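Chains A and B are the protein sequences, given in the same order.
Read in numbering that gives the first Met the number 0, the first sequence has 346 at position 347, and its numbers run on one by one without any break.
Read in numbering that gives the first Met the number 0, the second sequence has 221 at position 222, and its numbers run on one by one without any break.
Hints are computed from structural coordinates only; laboratory data are not their basis.
One thing to keep in mind: the hints can contain errors.
Stated by the list, open to error - With a Cα cut of at most 20 Å, we get these calculated SDA-like pairs of lysine to any residue:
| no. | chain 1 | residue 1 | chain 2 | residue 2 |
| --- | --- | --- | --- | --- |
| 1 | A | 12 | A | 41 |
| 2 | B | 240 | A | 553 |
| 3 | B | 252 | A | 39 |
| 4 | B | 240 | A | 39 |
| 5 | A | 535 | B | 393 |
| 6 | B | 237 | A | 64 |
| 7 | B | 240 | A | 136 |
| 8 | A | 172 | B | 122 |
| 9 | B | 237 | A | 60 |
| 10 | B | 253 | A | 59 |
| 11 | B | 245 | A | 12 |
| 12 | A | 535 | B | 122 |
| 13 | B | 253 | A | 551 |
| 14 | B | 252 | A | 553 |
| 15 | B | 253 | A | 557 |
| 16 | B | 240 | A | 557 |
| 17 | A | 535 | B | 360 |
| 18 | B | 138 | A | 60 |
As the list claims (entries may be wrong) - Counterexamples of contact, computed for chain B against chain A with all Cβ distances above 10 Å:
| no. | residue |
| --- | --- |
| 19 | 58 |
| 20 | 143 |
| 21 | 156 |
| 22 | 169 |
| 23 | 180 |
| 24 | 213 |
| 25 | 221 |
| 26 | 227 |
| 27 | 260 |
| 28 | 263 |
| 29 | 293 |
| 30 | 302 |
| 31 | 379 |
| 32 | 397 |
To be verified - Footprint (simulated), chain B over chain A, 3 or more residues, beta carbon under 8 Å:
| no. | stretch |
| --- | --- |
| 33 | 60-66 |
| 34 | 129-139 |
| 35 | 552-560 |
Quantities reported herein were computed from a predicted structural model and do not represent experimental measurements.
Heads up, the beta-carbon is just placed ideally off N, CA and C, and yes, glycines get one too.
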Amino acid sequence: MAKNTTPGTSNPKVEIPLMIKDPTVTAGGRGVDQFHCTLESEYWDGPVSNRVAVLDFDDQTGELRPGAKFIPAPPKRALGRFDVPRRTDPKYPKRKDYVTDTDPFIQTSVFGTVLRTIKLFEHENVLGRPVRWAFDGPQLLVIPRAADWANAFYHRDSRSLQFFFFQAEAAPKDRVYTCLSRDIVAHETAHAILDGIAPDLYNALTPQSLALHEAVADLTAVMMAAESGWLVTEVLEKTRGAIDDSTIFSSIAPQFGAALGRKYLRQLGNRKTLRDVSGDEPHELSEVLSGALFAVLVRMHNEHRERFAQEDKWKKFGDRKDPVTGEPGDPWFSCSGAAFTAACFRLRNSIFQALEYLPPGEVSFADYGRAILAVDEGGNLNPPFVREWICSEFLQRSIVDKPDELVTKVNFMYEPLDNVDIDDLVNDENVARKFAEDNREFLLIPPGVQFQVRPRQMLRKTYYDANRKEVPAEECLFKVSWPHIESNELDKSISKPREILRGTTLVIDLINKKVRAVLTSDRSDYQCHERDRMFKRLMENGLLARDDRALAPDGSTLDSVVQLDTKSGNLRVLGTACLLHIVE
Amino acid sequence: MDSLKVRAYNVGFGDAILITVPDRSASGATVLRHILVDVGNVQAGEGGKDAYFEPVLGSIQRTLDGNPLDLYVMTHEHLDHVQGLFYGANLEPPVTLSARNAWLTASAEGDAYYKRFPEAKRRQLALVEGCRQIVSFLKALNAAGQEIPLPVKSLMANNDHRVTEKCVDHLRELAGERTTYIYRNCQLNGRHPFEEAQLKIWAPEEDVSDYYGRFRPLTLGVSDPVSEGTSPALVTPKVPKGVDVKSYRNLIKKRRSGYFDGLLAIDKAANNTSVVFSLEWRGWKLLFAGDAEIRSWKTMEGKRQLEPVHFLKVSHHGSVNGTPGEDILERILPRTPIDQRDRVAVVSTLPNAYPNVPDEHTTQMLKNRGLEVFEVNKEVQPGGYVEIEFPADGSHIRKTAVEA
Numbered sequence: 000m001a002k003n004t005t006p007g008t009s010n011p012k013v014e015i016p017l018m019i020k021d022p023t024v025t026a027g028g029r030g031v032d033q034f035h036c037t038l039e040s041e042y043w044d045g046p047v048s049n050r051v052a053v054l055d056f057d058d059q060t061g062e063l064r065p066g067a068k069f070i071p072a073p074p075k076r077a078l079g080r081f082d083v084p085r086r087t088d089p090k091y092p093k094r095k096d097y098v099t100d101t102d103p104f105i106q107t108s109v110f111g112t113v114l115r116t117i118k119l120f121e122h123e124n125v126l127g128r129p130v131r132w133a134f135d136g137p138q139l140l141v142i143p144r145a146a147d148w149a150n151a152f153y154h155r156d157s158r159s160l161q162f163f164f165f166q167a168e169a170a171p172k173d174r175v176y177t178c179l180s181r182d183i184v185a186h187e188t189a190h191a192i193l194d195g196i197a198p199d200l201y202n203a204l205t206p207q208s209l210a211l212h213e214a215v216a217d218l219t220a221v222m223m224a225a226e227s228g229w230l231v232t233e234v235l236e237k238t239r240g241a242i243d244d245s246t247i248f249s250s251i252a253p254q255f256g257a258a259l260g261r262k263y264l265r266q267l268g269n270r271k272t273l274r275d276v277s278g279d280e281p282h283e284l285s286e287v288l289s290g291a292l293f294a295v296l297v298r299m300h301n302e303h304r305e306r307f308a309q310e311d312k313w314k315k316f317g318d319r320k321d322p323v324t325g326e327p328g329d330p331w332f333s334c335s336g337a338a339f340t341a342a343c344f345r346l347r348n349s350i351f352q353a354l355e356y357l358p359p360g361e362v363s364f365a366d367y368g369r370a371i372l373a374v375d376e377g378g379n380l381n382p383p384f385v386r387e388w389i390c391s392e393f394l395q396r397s398i399v400d401k402p403d404e405l406v407t408k409v410n411f412m413y414e415p416l417d418n419v420d421i422d423d424l425v426n427d428e429n430v431a432r433k434f435a436e437d438n439r440e441f442l443l444i445p446p447g448v449q450f451q452v453r454p455r456q457m458l459r460k461t462y463y464d465a466n467r468k469e470v471p472a473e474e475c476l477f478k479v480s481w482p483h484i485e486s487n488e489l490d491k492s493i494s495k496p497r498e499i500l501r502g503t504t505l506v507i508d509l510i511n512k513k514v515r516a517v518l519t520s521d522r523s524d525y526q527c528h529e530r531d532r533m534f535k536r537l538m539e540n541g542l543l544a545r546d547d548r549a550l551a552p553d554g555s556t557l558d559s560v561v562q563l564d565t566k567s568g569n570l571r572v573l574g575t576a577c578l579l580h581i582v583e
Numbered sequence: 000m001d002s003l004k005v006r007a008y009n010v011g012f013g014d015a016i017l018i019t020v021p022d023r024s025a026s027g028a029t030v031l032r033h034i035l036v037d038v039g040n041v042q043a044g045e046g047g048k049d050a051y052f053e054p055v056l057g058s059i060q061r062t063l064d065g066n067p068l069d070l071y072v073m074t075h076e077h078l079d080h081v082q083g084l085f086y087g088a089n090l091e092p093p094v095t096l097s098a099r100n101a102w103l104t105a106s107a108e109g110d111a112y113y114k115r116f117p118e119a120k121r122r123q124l125a126l127v128e129g130c131r132q133i134v135s136f137l138k139a140l141n142a143a144g145q146e147i148p149l150p151v152k153s154l155m156a157n158n159d160h161r162v163t164e165k166c167v168d169h170l171r172e173l174a175g176e177r178t179t180y181i182y183r184n185c186q187l188n189g190r191h192p193f194e195e196a197q198l199k200i201w202a203p204e205e206d207v208s209d210y211y212g213r214f215r216p217l218t219l220g221v222s223d224p225v226s227e228g229t230s231p232a233l234v235t236p237k238v239p240k241g242v243d244v245k246s247y248r249n250l251i252k253k254r255r256s257g258y259f260d261g262l263l264a265i266d267k268a269a270n271n272t273s274v275v276f277s278l279e280w281r282g283w284k285l286l287f288a289g290d291a292e293i294r295s296w297k298t299m300e301g302k303r304q305l306e307p308v309h310f311l312k313v314s315h316h317g318s319v320n321g322t323p324g325e326d327i328l329e330r331i332l333p334r335t336p337i338d339q340r341d342r343v344a345v346v347s348t349l350p351n352a353y354p355n356v357p358d359e360h361t362t363q364m365l366k367n368r369g370l371e372v373f374e375v376n377k378e379v380q381p382g383g384y385v386e387i388e389f390p391a392d393g394s395h396i397r398k399t400a401v402e403a
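From just these sequences and the hints, can you work out the full model?
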């Protein structure tokens, strides 16, 4: 596996404690992991760094609590840290555990979990670049204890992650801090990261576009759980190396769910299909997609176990006896942790890189499936059978009707690319526009429609391929979007059609000037029908507010409604992502 | 020929509706019975002038000719629905009305009600606390020299339970022991005098907790007054080191702007507890919807309460959320009417008095269904009324506009 490097390794190294799962879960007697972070160039009390700032407001007074104090690395020492109280556990006298119910720990843990999630995406085998925010500001603001409420969410307008706390229904004396749940913090951070990658989803009307946000956020929580060696070891010990029957990785936010009288918030270990869910509720819908990809993860884990167990490194465990029980060794069990980490690593490389390949505008699960398969096949990231598993899951869950709906041609020559200077295509708007105009048919831009060429993105990353080789990759993302007009039969009081955004992503392999992939928005009637349903539901629940009616007197956008813009020619919805709070 | 009359007074921004129903006495003789649905206006700007009540109450008294009302209905606990009779009773000399029966929305029973429904109490307390914080915030804004926009003042005045409570107390005493706290499926026998006309409660449900929703907590950052007589103040902690100043200021602004979402949620919660009832008389069906908003309409639909009607008192002064979406509307005002009778809607409203009320698309939606829509404020000056007559033989509706 590739070394765990990230951009900016000349940065100071800082030790940050963070929760392994949540306060109800401990592993090996510990509830806290340590993260040695090299992502940021500067740190201040708070914690605050160049890209993340924790602001711990007191919900009663509005004052800021003092932030955890930053202690830079002493001279000749490499590790900076934050001043978080620790105490000795009488059971383990040599160990000094963090005191988790203190302000500095709460502040530092959420900070560390946000940064750890960012690191997951910035890895050279994933994005290979720093994450970008969708808002105009350098820092993601993190409010760990916003107020008393069973909720948490990413809020673009305030450039923040808002975490709330509440009293558990079953045990009213227990206060649940959502900011101490690794799942919830990873989930909300993923929303912010995905918003930077695919900002159009924030205003999407297609239910699957919003559900995609949820599914990716939940899968990020799973990948973050896999990043804890303690947790992986503990769980696999209990399950004798299998993840099929364990809910610890597949269940999202168990403490939060239990406090509300449920086992967990969502379960990724499911067999739900699009036919099973009611349709347009994004959280419910998301379980179909996250369930499909989690099922692929389980199969990848089993496949890795089978393969690893045959390798000499693990085979030898079969000849040893357990020193305590005297039972014979089990290579399948012994390699299960490494297999799980490897499976997560490989799956995340495909499913997170695919986010960059998504076409601009509205997207469907099938769009995402095509993007995953394109990045996976284009970069040879996994053996073909993994792509077959993905196809099979998408078919079984009724995301597509036929396997060929997921087929995307990859790595092919396209003559017009030979005649264009890539530097000009990237830097010169006129050249980019002319290229799009000349290649409308290839890019599937409808005749006569006005289109917009998005700023081009250059990707420099490393593919870790199916042969365990690191292959440098340089790609250019060329994205065009255009308005698509749909009839509006639902709101008879406004005789205007509805407008959504569609688009195409052209991925150019800069090393050989081949087309890595071309991906265009789902144009199926099914998605249009689903948008109708979503629009109708928003309307009937009073969640659509026309134009200025979506604004507070000070001109700021109301959080309780989705704006319906009726003034710019057609009907457009804005800010649907505000529906994606963790609970309603 | 007998006719049922619905009279909608112009009280500024608020409701005052007098229904006169020819009914039968115990001996079989025709007798006119009177129902008064709400009297109140919102206490902000032009729409909230107390002076409007005097001619309205005087007109009602003259119509009653010294008799008590047969039924008074308080749809919900908002000033623009409850203030008028309390105001009249405190005039010098007092202008008082009495009632043989009074129906108040279930949750207006107060402590006894909330003891039976602890979840409703919990949620109501959250709303009350939210309201307290917003009052404090607006005072702090005012003290900082910022003008409070009129729609915000109206919303605030309408939802300040400390002001409303006195008015509701007055209405609780209006019919003495014959006061009933009303909800769907509650026992109405003996709680009204009607022999021929049929009254049916469509809403609210007895447990109103669902209408209250889950109140999103506020993060306004206001300190309590230092001493009596001083104003609360806005708390703005200084920008911590390393934090982007622009982002920080934006965050503080966004945290505070949530007060308006909060106010709308508080307003909506009370609106949805509105008593919604139908009155059926000689083939006519009339619907009085109070200020019911979408959550209440959806509940009514879920409970299969909805039936086609000929008359609609448009809910919530013509707001976009007061009238349900096309599917629900089709149940009560189908595009193809169920009979040949006229259909009409009345909306008591006033532009610019309340946020986003009235909504012209909503009025158009009703007109598109073939209804004649009367906007009281466009028909008569404050103090006057629009009267609609529903003839016993089902012939055409007649409308009269009478100035004070």
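Point to revise | Earlier hints that do not hold, by number | key: 2, 3, 5, 11, 12, 16, 24, 25, 27, 28, 29
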